[in-house]
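Enquirer: As a plain string of letters, each chain reads:
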Amino acid sequence: MDQEKIQKQAKKIMDDFIKALEKQELSEFSITRKKSLRDQEKYEVDKDFKDNWLKIVPKKKDRYLAAEKGHWK
Amino acid sequence: MIQEKLRLLQTGKLTAEQNIKSFIDKIKKEDKNINSFIEVNKNAVQEAKELDKKKKKGRLFGLAIAVKSNICVKGLLTSCGSKTLSNFYSPYDADVIKKIKQEDGIIIGMVNMDEFACGSTGENSFYGPTKNPVALDRVPGGSSSGSAASVAADFCDLSLGSDTGGSIRTPASHCGIIGIKPSYGRVSRYGLIDLSMSLDQIGVFSKEVYGSALLLNIIAGRSENDPITFDNEVEDYHIEIDKVSSDLTIGISKNFNDLCQDKRILGLINKKIDEFSKKYKYQKKEVDLEYVKLAVQTYYPLVYVEFFSSTRKFDGRKYGFKIEENCGEEVLRRILGGREISKAEHKGKYYRQALATKNLIKNDFDNAFKKVDFIISPVVPRLPNKTTKKITDPKEMYAYDAFTIPSNLAGNCAAVINIGKIENVPVGLQVICPSFKESLMFNILHKFEMLK
Chain A
51 MDQEKIQKQA
61 KKIMDDFIKA
71 LEKQELSEFS
81 ITRKKSLRDQ
91 EKYEVDKDFK
101 DNWLKIVPKK
111 KDRYLAAEKG
121 HWK
Chain B
986 MIQEKLRLLQ
996 TGKLTAEQNI
1006 KSFIDKIKKE
1016 DKNINSFIEV
1026 NKNAVQEAKE
1036 LDKKKKKGRL
1046 FGLAIAVKSN
1056 ICVKGLLTSC
1066 GSKTLSNFYS
1076 PYDADVIKKI
1086 KQEDGIIIGM
1096 VNMDEFACGS
1106 TGENSFYGPT
1116 KNPVALDRVP
1126 GGSSSGSAAS
1136 VAADFCDLSL
1146 GSDTGGSIRT
1156 PASHCGIIGI
1166 KPSYGRVSRY
1176 GLIDLSMSLD
1186 QIGVFSKEVY
1196 GSALLLNIIA
1206 GRSENDPITF
1216 DNEVEDYHIE
1226 IDKVSSDLTI
1236 GISKNFNDLC
1246 QDKRILGLIN
1256 KKIDEFSKKY
1266 KYQKKEVDLE
1276 YVKLAVQTYY
1286 PLVYVEFFSS
1296 TRKFDGRKYG
1306 FKIEENCGEE
1316 VLRRILGGRE
1326 ISKAEHKGKY
1336 YRQALATKNL
1346 IKNDFDNAFK
1356 KVDFIISPVV
1366 PRLPNKTTKK
1376 ITDPKEMYAY
1386 DAFTIPSNLA
1396 GNCAAVINIG
1406 KIENVPVGLQ
1416 VICPSFKESL
1426 MFNILHKFEM
1436 LK
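Chains as they are written, first to last, in the numbering used here: chain A, 51 to 123; chain B, 986 to 1437.
Rather than coming from a laboratory, the hints here were simulated on the basis of the structure. The structure presented is a predicted model; accordingly, all values stated were derived computationally and were not measured. Hints should not be assumed to be uniformly reliable.
[Said to hold, decoys possible] For each label pair, taking beta carbons as the anchor points, the in silico distance ranges come out as:
| id | chain 1 | residue 1 | chain 2 | residue 2 | range |
| --- | --- | --- | --- | --- | --- |
| 1 | A | Ile-106 | B | Tyr-1304 | 19 to 29 Å |
| 2 | B | Asp-1037 | A | Asp-98 | 52 to 62 Å |
| 3 | B | Lys-1248 | A | Lys-69 | 27 to 37 Å |
| 4 | B | Phe-1215 | A | Ile-106 | 33 to 43 Å |
| 5 | B | Ala-1329 | A | Arg-113 | 53 to 63 Å |
[Claimed, not checked] As a list, the in silico BS3-like pairs of lysine-lysine whose alpha-carbon atoms are at most 27 Å apart:
| id | chain 1 | residue 1 | chain 2 | residue 2 |
| --- | --- | --- | --- | --- |
| 6 | B | Lys-1422 | B | Lys-1355 |
| 7 | B | Lys-1307 | A | Lys-110 |
| 8 | A | Lys-100 | B | Lys-1355 |
[To be verified] Residues from chain B shown here face chain A by an in silico Cβ test under 8 Å; the list is partial:
| id | residue |
| --- | --- |
| 9 | Arg-992 |
| 10 | Tyr-1289 |
| 11 | Tyr-1335 |
Cβ atoms here follow ideal geometry from the backbone N, Cα and C, with glycine treated the same way.
Chain A extracted, bound-state conformation (with noise of 0.2 Å):
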């Protein structure tokens, strides 16, 4: 199988049906909003994450997850 061919036939589609879509009205439900999060919404953050989660990768590189590329074969 092509897969560029696959691809770009999928893209195609999906570029045709999103043309259809966007000459609807949208409800007000639909508005992109600009900001991710309203304004009463609080995302914390949290602090230890990425050095918890750095100890338990199996490598790493500075502070990255390191690919083990090939590593299952």
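Since chain A is already given, all that's left is putting chain B on it; use the hints.
Expert: For chain B alone, kept in the frame of chain A given last:
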């Protein structure tokens, strides 16, 4: 008659072993022409023998139930009709399977399906296409092709399938049987290998309304394993199918009818509605479902993105084989398409736009159900294609689900019942009810059944 069979099983005039053996013999003889089973449960007869020793018998005692191969049954091959999972034997039972086993139903085997539920015809399986037992030259419909074919061919009493955009209702229509898609949140999907988690539902097939009503009554309900399931009371659908419902209003939508390409299907449905409304003295009312024309365009971006996300676990490391290297063309199209439109550069445009339109379609149905009690529509826009004429254009294939997708987007319950034949091919009628009105839906289906 399933009620009569249950009575014989309950009274010991028919043993579970006899019931299961008769199906297995029939499968061995006839399924090579249908290809509905991927795996027959080798332990089914032994399980039946054990059940026959029991004094207290469950409500499904001794019935043979076939299971779509994307629902986990402990020890059986849960392949999703794909080479990717062709070596995956499930280590646990899905919630629905646990409930069936608790009521002494017997899983007779795992049935064929379009690969990862991606298809509407039953032709896209690693294990070969399923044949339509009642119209051999036509496709059986999909993706729950084996679930419908196995019931239609009398290889089992009942079966389970899954419906994301019509995967139960389309094959039920083409095979001339009953197919039920419950409301979103009615049945636990724990143990269902998902296609699109915001739309998937597990549902049932049977030859008579009673069988589906009984099986749904058993598998429905809240589960801690699936957070989208609701606490709503599970009514005794099978007992209430005879309930007298008066003063109901039937909804008919021009928006649906305009999408029907084969006007003979529409003619047959209209004739049935007239007969039905006259007999039961129900009113008919036109309802406006303006946005159903966009259902296909709304559904596929959601499915592409959610399917891409759900298949990331099939990397060949823990189990199975890497999906991109082992799947068929339609599965690959959805994965690559989903990957493409999920990219950060698109800022969620496709998914968000589709979600917004999904809401418009849901509003359409909510408004319609303020005026009518249920809506009747066709199931598919044309007769199923011949097995020699495979649909190769994906958009043409997607458009085939135009009547079934809206109920998934709106979360309603919907069902299919056979109303006759055109060119010797079964034609179904779709009954759509508001969410969690399954009891009303079964009542209406039974009334249609009584018209025959």
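Enquirer: Between B/Ala-1329 and A/Arg-113, does the beta-carbon spacing fit 53 to 63 Å?
Expert: Given range 53 to 63 Å: violated, Cβ gap about 21 Å.
Enquirer: Should the hint that B/Arg-992 touches chain A count as held when the rule is a Cβ pair under 8 Å?
Expert: Since the shortest Cβ distance to chain A is 51 Å, the answer is violated.
Enquirer: Quick one, is the B/Tyr-1289 hint okay against chain A at 8 Å, beta carbons?
Expert: With a minimum Cβ separation of about 7 Å from chain A (threshold 8 Å), the hint on B/Tyr-1289 holds.
Enquirer: Measuring from beta carbon to beta carbon, are B/Asp-1037 and A/Asp-98 in 52 to 62 Å?
Expert: 59 Å, holds
Enquirer: Take the C-alpha atoms of A/Lys-100 and B/Lys-1355, compute the straight-line distance between them, and say whether it is at most 27 Å.
Expert: 51 Å, violated
Enquirer: Quick one, are B/Lys-1307 and A/Lys-110 close enough, alpha carbons at most 27 Å?
Expert: 25 Å, holds
Enquirer: Starting from B/Lys-1422, check that the Cα of B/Lys-1355 is at most 27 Å away, please.
Expert: It holds: about 14 Å lies between the C-alpha atoms, which stays within 27 Å.
Enquirer: At a threshold of 8 Å, is the proposed contact between B/Tyr-1335 and chain A supported by beta-carbon distances?
Expert: Check passed: Cβ of B/Tyr-1335 comes within 5 Å of chain A, closer than 8 Å.
Enquirer: I want to verify a distance hint. Is the separation of the beta carbons of B/Phe-1215 and A/Ile-106 within 33 to 43 Å?
Expert: Holds, at about 37 Å.
Enquirer: Could one say that the CB atoms of A/Ile-106 and B/Tyr-1304 fall in the range 19 to 29 Å?
Expert: Holds, at about 23 Å.
Enquirer: For the hint 27 to 37 Å, verify it against the beta carbon of B/Lys-1248 and that of A/Lys-69.
Expert: Check passed, 29 Å falls within 27 to 37 Å.
Hints 5, 8, 9 from the earlier list are contradicted by this structure; the remaining hints agree with it.
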